[in-house]
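In order, the protein sequence lines correspond to chains A, B, C, D, E and F.
Residues in the first sequence are numbered consecutively from 1, following the working numbering.
Residues in the second sequence are numbered consecutively from 1, following the working numbering.
Residues in the third sequence are numbered consecutively from 1, following the working numbering.
Residues in the fourth sequence are numbered consecutively from 1, following the working numbering.
Residues in the fifth sequence are numbered consecutively from 1, following the working numbering.
Residues in the sixth sequence are numbered consecutively from 1, following the working numbering.
Hints are computed from structural coordinates only; laboratory data are not their basis.
Take the hints with a grain of salt, since some may be wrong.
[As the list claims (entries may be wrong)] Heads up, simulated EDC-like pairs for lysine to aspartate or glutamate below, C-alpha to C-alpha not over 20 Å straight-line: (1) C:K136 - C:E94; (2) B:K101 - E:E94; (3) A:K101 - C:E90; (4) D:K91 - F:D46; (5) E:K36 - A:E141; (6) A:K91 - C:E49; (7) D:K85 - F:E94; (8) B:K36 - C:E112; (9) F:K71 - E:E94; (10) C:K134 - F:E141; (11) B:K101 - E:E112; (12) A:K85 - C:E97; (13) A:K36 - E:E112; (14) C:K71 - B:E49; (15) B:K71 - E:E67; (16) D:K36 - C:D46; (17) B:K134 - A:E97; (18) A:K136 - B:E141; (19) E:K48 - F:E97; (20) E:K71 - B:E67; (21) D:K35 - C:E49; (22) C:K35 - B:E49.
None of these values were measured; they are calculated from a predicted model.
One-letter residues, chain by chain:
There are 6 protein chains.
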Amino acid sequence: MNSDPIAHAHCDGPCGVYDPAAARINAEAVLSMTKKLLVIEMPATDNKEALLAYHNMMTRYIHIKEEQAQKCKEELLILWTDYFKPPHLEKFPELHETFWKAAKLCSHCKVEVNLQSAEKLMEAVKNIHEIFWKSKDRDVEWVLAS
Amino acid sequence: MNSDPIAHAHCDGPCGVYDPAAARINAEAVLSMTKKLLVIEMPATDNKEALLAYHNMMTRYIHIKEEQAQKCKEELLILWTDYFKPPHLEKFPELHETFWKAAKLCSHCKVEVNLQSAEKLMEAVKNIHEIFWKSKDRDVEWVLAS
Amino acid sequence: MNSDPIAHAHCDGPCGVYDPAAARINAEAVLSMTKKLLVIEMPATDNKEALLAYHNMMTRYIHIKEEQAQKCKEELLILWTDYFKPPHLEKFPELHETFWKAAKLCSHCKVEVNLQSAEKLMEAVKNIHEIFWKSKDRDVEWVLAS
Amino acid sequence: MNSDPIAHAHCDGPCGVYDPAAARINAEAVLSMTKKLLVIEMPATDNKEALLAYHNMMTRYIHIKEEQAQKCKEELLILWTDYFKPPHLEKFPELHETFWKAAKLCSHCKVEVNLQSAEKLMEAVKNIHEIFWKSKDRDVEWVLAS
Amino acid sequence: MNSDPIAHAHCDGPCGVYDPAAARINAEAVLSMTKKLLVIEMPATDNKEALLAYHNMMTRYIHIKEEQAQKCKEELLILWTDYFKPPHLEKFPELHETFWKAAKLCSHCKVEVNLQSAEKLMEAVKNIHEIFWKSKDRDVEWVLAS
Amino acid sequence: MNSDPIAHAHCDGPCGVYDPAAARINAEAVLSMTKKLLVIEMPATDNKEALLAYHNMMTRYIHIKEEQAQKCKEELLILWTDYFKPPHLEKFPELHETFWKAAKLCSHCKVEVNLQSAEKLMEAVKNIHEIFWKSKDRDVEWVLAS
């Protein structure tokens, strides 16, 4: 049950049905793909079959990382634009910067194959999870799926 | 951490990053929109401004219910086709029927504005949440966002 | 030609190819659909053919307004997350609030059929157009398509 | 097997895998939804439950008609821009007009709930089916799914 | 014309307008792209222009294969969840397993560049085509576009 | 303001809100990505970290080029099918060929990494921009964002 009356005002549609878990799942996938990419070895260029499998895997993993980073950014921005309201700024004065930086981390994870960026993204999403549930006076555990 | 070796085989992409929470969020939205739709009153047809607001709200809520029911169906089917593997059928012999019925409940929620169907969908998703985490030897709480 | 070196850092993809015109086109469509919706008359309920045409038009216009308001929000957020960088905050200290309010105006235009909100959205996009080109030391005219 | 060498040149991706059947399925759906919409009766405005079911059905059918008409247009345009090549214009000098009119019929089917337009769209797609298979020196039956 | 009354119950929208041809077209594209990928040769790494063309082609073909395999999976699942009803299980007791395996073949075709998997997918879709038309007491030819 | 009465007839939705600027932005992005791709150097195959960054960049740029070329094609086709009407053919007898060739240029830009094709696409979009504004008796400057 939603005990936070602020969230009912002027929302786009499903009032009260916001959950940082959506962004968390995407961020976990970004981290997972980043880790996988970091351990792939390029085969010898004369092994045609292995080279084809290598390209297929690289292209797919890079593409999934891109998609998941994009979805993560979108889910975070929905919380920023649709859930959080002006009264929240009193309690969380750094709200805008928090979301701006988290969105930019999503971009870094696309542009690079960087374990640190992917881990920072997980922390940023976790931080937003904490801010979100605090704003609803609820204590919801941060539970990873992977 | 993923303790289930079965899930690593032949997956579409982010191995281990499956979470019924995605389907849960969508199902909660379907229930929320269904409840909202059930309490809207049609204004007198000579009150042009109220009639316009009524149509805008009805159309939007029906459309959001449709989108969320569709996403719920897609998220559930990803679990069925990509996460669950043949060895799981021994432990969960009713797996196919479970997912088939849950998907059909998503359809019912689109085709009707029916509180019972929306509540049954929540139960179906909860049941799948339980099967999913049981298959991973993990105990993850069923926590609603709304 | 892009004369602003700041914009090259850490972008998601097409460096330098950001243009508020995309958001402007969407905002113009929101205003256009809002105006059309405000002048539709509901026919007598015994004129079956006219009633069907009325519903078709209402549903379509509300749906297009929804889509365009959503695209406008997305285009604006791309500028905020991907184009603008920390050094820009010195010159435009109200950047975050500006984008936050503009995104919320997109939501208002969805939730209501309100001429004032649609016109405010046009002003908000125009303001962002001015901030954007100022940040590039370029003077680009604000030209409406409609 | 593709016996038409012209189709191999400069295509976007899956050379030879073009099939007007995709557009046909969408056109059949447009016709189906149009027929369904034409027989719905608006209930008495004091029957709240029936009115809600009526709005849900109207909104959904109009939305599906819109989607299917849009997909039909897209499928037809893929054939025009990607499959047909300059040498085809000798054999089919009216090619551009044919596709232009068919695309505009898709628009008519969106803008109106008109049985004639929906039937004309089926004929337009059938005509394109015939032109397409003739260009490949193949005789493929026009088979409706509905 | 749809002669099967079972298909009218509880469907998502366009009753009767289901056609395995949609999935067939996607499967043909998967097979086509798989064949193309299997014959591409990697050029010498000092030929910059050829290397760029090679990467462009590889990336595009892998991406199109991915998209088409995903669409094939979606089209098949629409038939499973929306068209087939409980009474069909008597006539086709292996229905669930059939669709589950076909969906998993779509995944195999993404994860690998494997001619056998792509051919098996074609057979799986053909089998579903046969089940589908048998359930409608109709005999519709299996006609390839490529 | 729209001074062209022809454009009001039979349009898909937002009458008067058509703007070639949308296609221009996409074409600029295609050109931008093409230029970037032409200057990337493949690192030595024994430098694992550089090779990974190279693949990530190549895959992303090729994918963005693909997306933007596709969006450009879609935006152009919206103008052709929805904005232009039969009376326009008198003033612009080459209309169909113009759009057909522009759409095919979008395809060339996908299939190749070719600076000439990307520049020709910019010219094609500029030409359509000129035709479009001429049809509205308006003089709108061709202004690049990049």
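Hint by hint, here is what the structure shows:
no.	hint	verdict
1	C:K136 - C:E94	17 Å, holds
2	B:K101 - E:E94	16 Å, holds
3	A:K101 - C:E90	16 Å, holds
4	D:K91 - F:D46	55 Å, violated
5	E:K36 - A:E141	49 Å, violated
6	A:K91 - C:E49	55 Å, violated
7	D:K85 - F:E94	17 Å, holds
8	B:K36 - C:E112	16 Å, holds
9	F:K71 - E:E94	42 Å, violated
10	C:K134 - F:E141	19 Å, holds
11	B:K101 - E:E112	31 Å, violated
12	A:K85 - C:E97	11 Å, holds
13	A:K36 - E:E112	16 Å, holds
14	C:K71 - B:E49	26 Å, violated
15	B:K71 - E:E67	18 Å, holds
16	D:K36 - C:D46	19 Å, holds
17	B:K134 - A:E97	39 Å, violated
18	A:K136 - B:E141	19 Å, holds
19	E:K48 - F:E97	35 Å, violated
20	E:K71 - B:E67	18 Å, holds
21	D:K35 - C:E49	13 Å, holds
22	C:K35 - B:E49	13 Å, holds
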